[in-house]
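Start from the sequences, fold in the hints, and give me the full structure.
Counting in numbering that gives the first Met the number 0, the sequence shown runs from 0 upward without gaps.
Wrong hints could be hidden among the right ones.
Stated by the list, open to error - Computed Cβ-Cβ distance ranges for the label pairs, DEER-style:
hint : residue 1 : residue 2 : range
1    : PHE248    : ALA466    : 27 to 35 angstroms
2    : LYS277    : GLU467    : 31 to 39 angstroms
3    : LEU422    : LYS289    : 47 to 55 angstroms
4    : PHE248    : ARG280    : 38 to 46 angstroms
5    : LYS473    : THR226    : 47 to 55 angstroms
6    : VAL13     : PRO52     : 19 to 27 angstroms
7    : GLY288    : ASP213    : 37 to 45 angstroms
8    : VAL437    : ASN79     : 27 to 35 angstroms
9    : HIS432    : GLN36     : 47 to 55 angstroms
10   : ASN219    : GLY296    : 37 to 45 angstroms
11   : PRO431    : ALA466    : 47 to 55 angstroms
12   : GLU467    : ASP14     : 48 to 56 angstroms
13   : LEU460    : VAL13     : 47 to 55 angstroms
Honestly, the hints are just simulated from the structure, not real lab data. In this text, a Cβ means the ideal position worked out from N, Cα and C, and glycines have one as well.
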Amino acid sequence: MSSSPDLVPAKLIVDSVHGDIHLTEREWRVLDTAAFQRLRNLKQLGMAQITYPNATHTRFAHSLGTLGIMAKILDAVDRNNYSLSLQARENLRLAALLHDVGHYPYSHLMERVDDVTLTDEEVDVPAGGTRTLKIARSTYPSHERLGVEIVTRQKELIKAIGSAERAKDVAGLFARTATDPQLSKLLHSSFDMDRVDYLQRDSRAVGVPYGNIDVNYLLNSLQISKTGMLGVAAKAMPAAEQYLFARFFMHRAVYYHKTTFGMEEACRQLLRRLRDTKGSRYSSLPRDGKAVLDIVGSQELVGFTDALVDSLVDAASRDKDRVIKGLARCILTRRPPKLLKEVQVFEEESSAHHAGATFLTHARGSLKDLAKRHRVPVGLFLLCQTKPLKLEERSARMTTKQARELPAEVEDEAIKVFLPKNLEPTSLVDIPHSLLNVCSGRFYQAFRLYFVCEGDDQRKLTQQLRAEVCDWGKA
Numbered sequence: 000m001s002s003s004p005d006l007v008p009a010k011l012i013v014d015s016v017h018g019d020i021h022l023t024e025r026e027w028r029v030l031d032t033a034a035f036q037r038l039r040n041l042k043q044l045g046m047a048q049i050t051y052p053n054a055t056h057t058r059f060a061h062s063l064g065t066l067g068i069m070a071k072i073l074d075a076v077d078r079n080n081y082s083l084s085l086q087a088r089e090n091l092r093l094a095a096l097l098h099d100v101g102h103y104p105y106s107h108l109m110e111r112v113d114d115v116t117l118t119d120e121e122v123d124v125p126a127g128g129t130r131t132l133k134i135a136r137s138t139y140p141s142h143e144r145l146g147v148e149i150v151t152r153q154k155e156l157i158k159a160i161g162s163a164e165r166a167k168d169v170a171g172l173f174a175r176t177a178t179d180p181q182l183s184k185l186l187h188s189s190f191d192m193d194r195v196d197y198l199q200r201d202s203r204a205v206g207v208p209y210g211n212i213d214v215n216y217l218l219n220s221l222q223i224s225k226t227g228m229l230g231v232a233a234k235a236m237p238a239a240e241q242y243l244f245a246r247f248f249m250h251r252a253v254y255y256h257k258t259t260f261g262m263e264e265a266c267r268q269l270l271r272r273l274r275d276t277k278g279s280r281y282s283s284l285p286r287d288g289k290a291v292l293d294i295v296g297s298q299e300l301v302g303f304t305d306a307l308v309d310s311l312v313d314a315a316s317r318d319k320d321r322v323i324k325g326l327a328r329c330i331l332t333r334r335p336p337k338l339l340k341e342v343q344v345f346e347e348e349s350s351a352h353h354a355g356a357t358f359l360t361h362a363r364g365s366l367k368d369l370a371k372r373h374r375v376p377v378g379l380f381l382l383c384q385t386k387p388l389k390l391e392e393r394s395a396r397m398t399t400k401q402a403r404e405l406p407a408e409v410e411d412e413a414i415k416v417f418l419p420k421n422l423e424p425t426s427l428v429d430i431p432h433s434l435l436n437v438c439s440g441r442f443y444q445a446f447r448l449y450f451v452c453e454g455d456d457q458r459k460l461t462q463q464l465r466a467e468v469c470d471w472g473k474a
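Encoded structure:
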């Protein structure tokens, strides 16, 4: 590490994933603020502990791990004689440390409440159509936006960083609004520090091998071009491919696990219903984006943690509304929704007509009758789908026009390799002998129908429902 007073190691934290992580005095002061300590009360994997009991690690530990990865990337910068000022180095380290400071309670479960489609709304969608929702309120801001607000508005954090101007510079790095785009490339590079840490940390916590990437070999093979583009040496290409496949398999095995995903979908739908409930029963849940911004700019931020959602679930378990009560008790008593049917697809990117879409259309048209026959509210059925999962956002099969229409960050974040005699790295998907060149044009997605049981033993009803929906979507 540089001998500058601002970059001299002052504290040492021993991390279970990366070993020794050295922090400067300034970084230690940032870590000691209430805004950063809040991350101790945000679980990294949300409700995954229901499926994997050891998945209780926090965004606090993950943020420290991301700083550790950034330190190693800066070592690669030194090896490649890339010019970087001492202040730029420190700002990059601070941005890595603070990149997740804006996360919501239960992270994406609350953040994306505006995107939630209630099952009642799903069944009212016309065949082949999409739901249109007129929102009369401001939507919840992204966690990146909240991170900027926290870093630039929380006085204790601004003081720890050094000044309001510097806080703005640090926030600009993780929000991709930095005046120097070259610095942002080091933070949001093809070697995504956030991903490198969470794949290893999550994999160890849940006890699966998929995230065990060869991170040290990848870090030691990092190279940087004169334009600031990061890539790995050609000999490390297999390790880079395994890194991308690790993310793919972690999603399928852990993040999209049927039990975890079902519980999280129940929580998503519950939060959407509670937010839309009239009156003051659930006033602790922000009604709109403005209310969220008011929280993160005030002392209320320290209470904006997973415990907030837990208290809402507890209160909702005594609600008079049958659906709200059913969803809440499902979560509170750790009684996961029952998976009635799942359709998985692995299709070409351009494919819109597949088994999953057929099942979704059939379910939308049949759920009301199914619920009526069994005298249960349609809201106790959860009709949902995972986010399409790709190895890389850009495919080797894309036309030049299609590639140009992608956001600039897609290319910046694509895994890149320095081929022999090339001064700039080449995206892995464009290398003919790479597995990514063949596999990158497809996506995986799961379409699922769950049922939330209201009693302790509804095995017979669940079996009846499974029997009735087993042929949905079949030709």
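Hints and how they fare:
no.	hint	in the structure
1	PHE248 x ALA466: 27 to 35 angstroms	32 angstroms, holds
2	LYS277 x GLU467: 31 to 39 angstroms	35 angstroms, holds
3	LEU422 x LYS289: 47 to 55 angstroms	49 angstroms, holds
4	PHE248 x ARG280: 38 to 46 angstroms	42 angstroms, holds
5	LYS473 x THR226: 47 to 55 angstroms	53 angstroms, holds
6	VAL13 x PRO52: 19 to 27 angstroms	24 angstroms, holds
7	GLY288 x ASP213: 37 to 45 angstroms	42 angstroms, holds
8	VAL437 x ASN79: 27 to 35 angstroms	31 angstroms, holds
9	HIS432 x GLN36: 47 to 55 angstroms	48 angstroms, holds
10	ASN219 x GLY296: 37 to 45 angstroms	42 angstroms, holds
11	PRO431 x ALA466: 47 to 55 angstroms	49 angstroms, holds
12	GLU467 x ASP14: 48 to 56 angstroms	50 angstroms, holds
13	LEU460 x VAL13: 47 to 55 angstroms	51 angstroms, holds
The structure meets every hint from the earlier list without exception.
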